[in-house]
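Undergrad: Residue strings, one per chain:
Number of protein chains: 2
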Amino acid sequence: MAVPYVHMLQSATVLRKSNLYLSHYGCGKFNGKRGRPHVAFASIQQPDRNISIDPKVELLLDSVKWDNKGLAVAIAQNVDTGAILMQGFANRDALATTISSRKATFYSRSRSTLWTKGETSNNFINIQDVFLDCDHDSIIYLGKPDGPTCHTGSETCYYTSVFDSLTEQEAKGSRLALTSLYALESTISQRKAELAERETGKPSWTKRLLLDHNLLCSKIREEADELCQTLENNEDKSRVASEMADVLYHAMVLLGKREVKVEDVLEVLRKRFSQSGIEEKRSRASQKSEQH
Amino acid sequence: MAVPYVHMLQSATVLRKSNLYLSHYGCGKFNGKRGRPHVAFASIQQPDRNISIDPKVELLLDSVKWDNKGLAVAIAQNVDTGAILMQGFANRDALATTISSRKATFYSRSRSTLWTKGETSNNFINIQDVFLDCDHDSIIYLGKPDGPTCHTGSETCYYTSVFDSLTEQEAKGSRLALTSLYALESTISQRKAELAERETGKPSWTKRLLLDHNLLCSKIREEADELCQTLENNEDKSRVASEMADVLYHAMVLLGKREVKVEDVLEVLRKRFSQSGIEEKRSRASQKSEQH
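Which chain is which? The protein sequence lines are E and W, in order. At position 258 of the first sequence the residue is numbered 261 (the numbering used here), and the sequence of numbers has no breaks. At position 158 of the second sequence the residue is numbered 161 (the numbering used here), and the sequence of numbers has no breaks.
With the rest of the complex left out, here is chain E (with noise of 0.2 Å):
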């Protein structure tokens, strides 16, 4: 909460909080022009409030498309994976919201209202950032949640995989929409749960990394090397490319072995690069003699 218009901000959360917000929903489009709903409002409702809105705030909630009915799309996206959280639908008072108190807020269409996810849960999704696309309106808010997403318990809610429920004979238990990085992970720690099983056959060879420590650390050790001889001996990207994912895949199963996320090893990265929007460069300006 170190940034102005946070501050300036919380006037404008106090009075929708009472209720008020119904006053200018949709008050972009639907008034045929882009007013300064909030001031004039706010002299109406609250005449002995000095309310005082940043204009620039005003200025981006009105370069937002707002749909016929005051609505963006709003998709919630971890900071750390890039899974994609959520989505919902966000008013003017949703994104300011979002942007004030730094959790990601939503307008129910169901329950006409807005709600913050997190509030019954305590699984906030603490917004890094916030992002438009090229049209204006379809919103991402980046965050990083505090817990699972999906009211179901599960990290996202998006955990039904049409091509699973197209070729299964039998409907398969939920899997999450993962990407490369995430999927592996999984397959990563699905050989390691199937350890405990009786097995006939040769193990695979992840399964084997799993069981030998030696064995998984000479891997590790050797693929950075290989990966530096790439450099060393200049040889081309896509050997490159082939080395590094050696390196990750080897790295990823001791990851596996000591159960430590993915997700946790960007954390730190992300913190001590905090590349994520403001945050950059407040820490960009205070550490400037010890950049990286």
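Be aware that a few hints might be false.
Claimed, not checked - Here are the computed lysine-lysine pairs in the DSSO-like style, where the Cα-Cα straight-line distance is at most 30 Å: (1) W:Lys210 x E:Lys260; (2) E:Lys240 x W:Lys195; (3) W:Lys240 x W:Lys147; (4) E:Lys72 x W:Lys240; (5) E:Lys72 x E:Lys59; (6) W:Lys240 x E:Lys195; (7) E:Lys240 x W:Lys68; (8) E:Lys264 x W:Lys68; (9) E:Lys210 x W:Lys264; (10) E:Lys205 x W:Lys260; (11) W:Lys68 x E:Lys68; (12) E:Lys274 x W:Lys264; (13) E:Lys147 x W:Lys264; (14) W:Lys147 x E:Lys264; (15) E:Lys274 x W:Lys260; (16) W:Lys264 x W:Lys210; (17) W:Lys210 x E:Lys274; (18) E:Lys274 x W:Lys205; (19) W:Lys210 x E:Lys240; (20) E:Lys260 x W:Lys195; (21) W:Lys72 x E:Lys68; (22) W:Lys264 x E:Lys240; (23) W:Lys205 x W:Lys264; (24) W:Lys195 x E:Lys274; (25) E:Lys72 x W:Lys72; (26) W:Lys195 x E:Lys68; (27) W:Lys72 x E:Lys240; (28) E:Lys264 x W:Lys205; (29) W:Lys72 x E:Lys264.
Think of the hints as simulated: they come from the structure by calculation, not from any bench. Remember, predicted model here, so these are calculated numbers, not experimental data.
Model the placement of chain W on the given structure of chain E, informed by the hints.
TA: Coordinates of chain W only, in the frame set by chain E:
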């Protein structure tokens, strides 16, 4: 195109392309029941054709909670990086076409027509899997883009940071919505670009690594060794995460030096492990003897 429903859906796609799809646009909730519109429709429009839609695809399409316009939000996500590429809307036909063609397809609300991303630019999004959310009213198209997704030529449509707009005195150049790994990659690439600039003061650590191959390689080997030690000495999890972060960062500087993208590394891993949807199952079946 090795799954049976693909071929079975082709006939439906042909019908749609002859501009008949409006007859069953919004056929879900609109009719007060969830029927089998493709079949009835086909028998009326093309009585001679033996239309046979995989009942599983029909069921799947029926299971989506289309809104009162017959639409659901569809988010295209890069399967390797997790980047949200774009967001549009899908109707029944758009989802059916996405499943059958394996190219991300949307319904254009402004043009009232289906459109496959890439049909004019050739920058298709090649679908690896499709996910529904817990409410079945939001869809992820998980795919590999052939090129930039945005019509502006940007990699994704999300390049306007709200926090940049609010905090910068001057409007800043566009900045993609990057998650931690790619924010770090971008920082390294920035440091590399800055090497050309005349600088006073001590160069950053990243720049020193970029300038000195011996230093970079000795650090990669050293950090890999330290990661192994966390296993060998049974050090705590936070130490494992921290050492892995060191390995990843230094290896990424090497990637930056050689201009190899993390995305390319992840593509290698995806293809090796083939964890995306049905591909994974097919590879699992055929590679049982040499499984990872």
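Undergrad: All the hints need checking, so say for each whether the structure fits it.
TA: Results of checking the hints against the structure:
no.: 1; hint: W:Lys210 x E:Lys260; in the structure: 34 Å, violated
no.: 2; hint: E:Lys240 x W:Lys195; in the structure: 17 Å, holds
no.: 3; hint: W:Lys240 x W:Lys147; in the structure: 33 Å, violated
no.: 4; hint: E:Lys72 x W:Lys240; in the structure: 48 Å, violated
no.: 5; hint: E:Lys72 x E:Lys59; in the structure: 23 Å, holds
no.: 6; hint: W:Lys240 x E:Lys195; in the structure: 17 Å, holds
no.: 7; hint: E:Lys240 x W:Lys68; in the structure: 45 Å, violated
no.: 8; hint: E:Lys264 x W:Lys68; in the structure: 34 Å, violated
no.: 9; hint: E:Lys210 x W:Lys264; in the structure: 29 Å, holds
no.: 10; hint: E:Lys205 x W:Lys260; in the structure: 40 Å, violated
no.: 11; hint: W:Lys68 x E:Lys68; in the structure: 25 Å, holds
no.: 12; hint: E:Lys274 x W:Lys264; in the structure: 22 Å, holds
no.: 13; hint: E:Lys147 x W:Lys264; in the structure: 24 Å, holds
no.: 14; hint: W:Lys147 x E:Lys264; in the structure: 24 Å, holds
no.: 15; hint: E:Lys274 x W:Lys260; in the structure: 23 Å, holds
no.: 16; hint: W:Lys264 x W:Lys210; in the structure: 18 Å, holds
no.: 17; hint: W:Lys210 x E:Lys274; in the structure: 19 Å, holds
no.: 18; hint: E:Lys274 x W:Lys205; in the structure: 22 Å, holds
no.: 19; hint: W:Lys210 x E:Lys240; in the structure: 21 Å, holds
no.: 20; hint: E:Lys260 x W:Lys195; in the structure: 35 Å, violated
no.: 21; hint: W:Lys72 x E:Lys68; in the structure: 19 Å, holds
no.: 22; hint: W:Lys264 x E:Lys240; in the structure: 9 Å, holds
no.: 23; hint: W:Lys205 x W:Lys264; in the structure: 27 Å, holds
no.: 24; hint: W:Lys195 x E:Lys274; in the structure: 21 Å, holds
no.: 25; hint: E:Lys72 x W:Lys72; in the structure: 14 Å, holds
no.: 26; hint: W:Lys195 x E:Lys68; in the structure: 37 Å, violated
no.: 27; hint: W:Lys72 x E:Lys240; in the structure: 48 Å, violated
no.: 28; hint: E:Lys264 x W:Lys205; in the structure: 35 Å, violated
no.: 29; hint: W:Lys72 x E:Lys264; in the structure: 41 Å, violated
Against the hints set out earlier in the document, violations occur for numbers 1, 3, 4, 7, 8, 10, 20, 26, 27, 28, 29.
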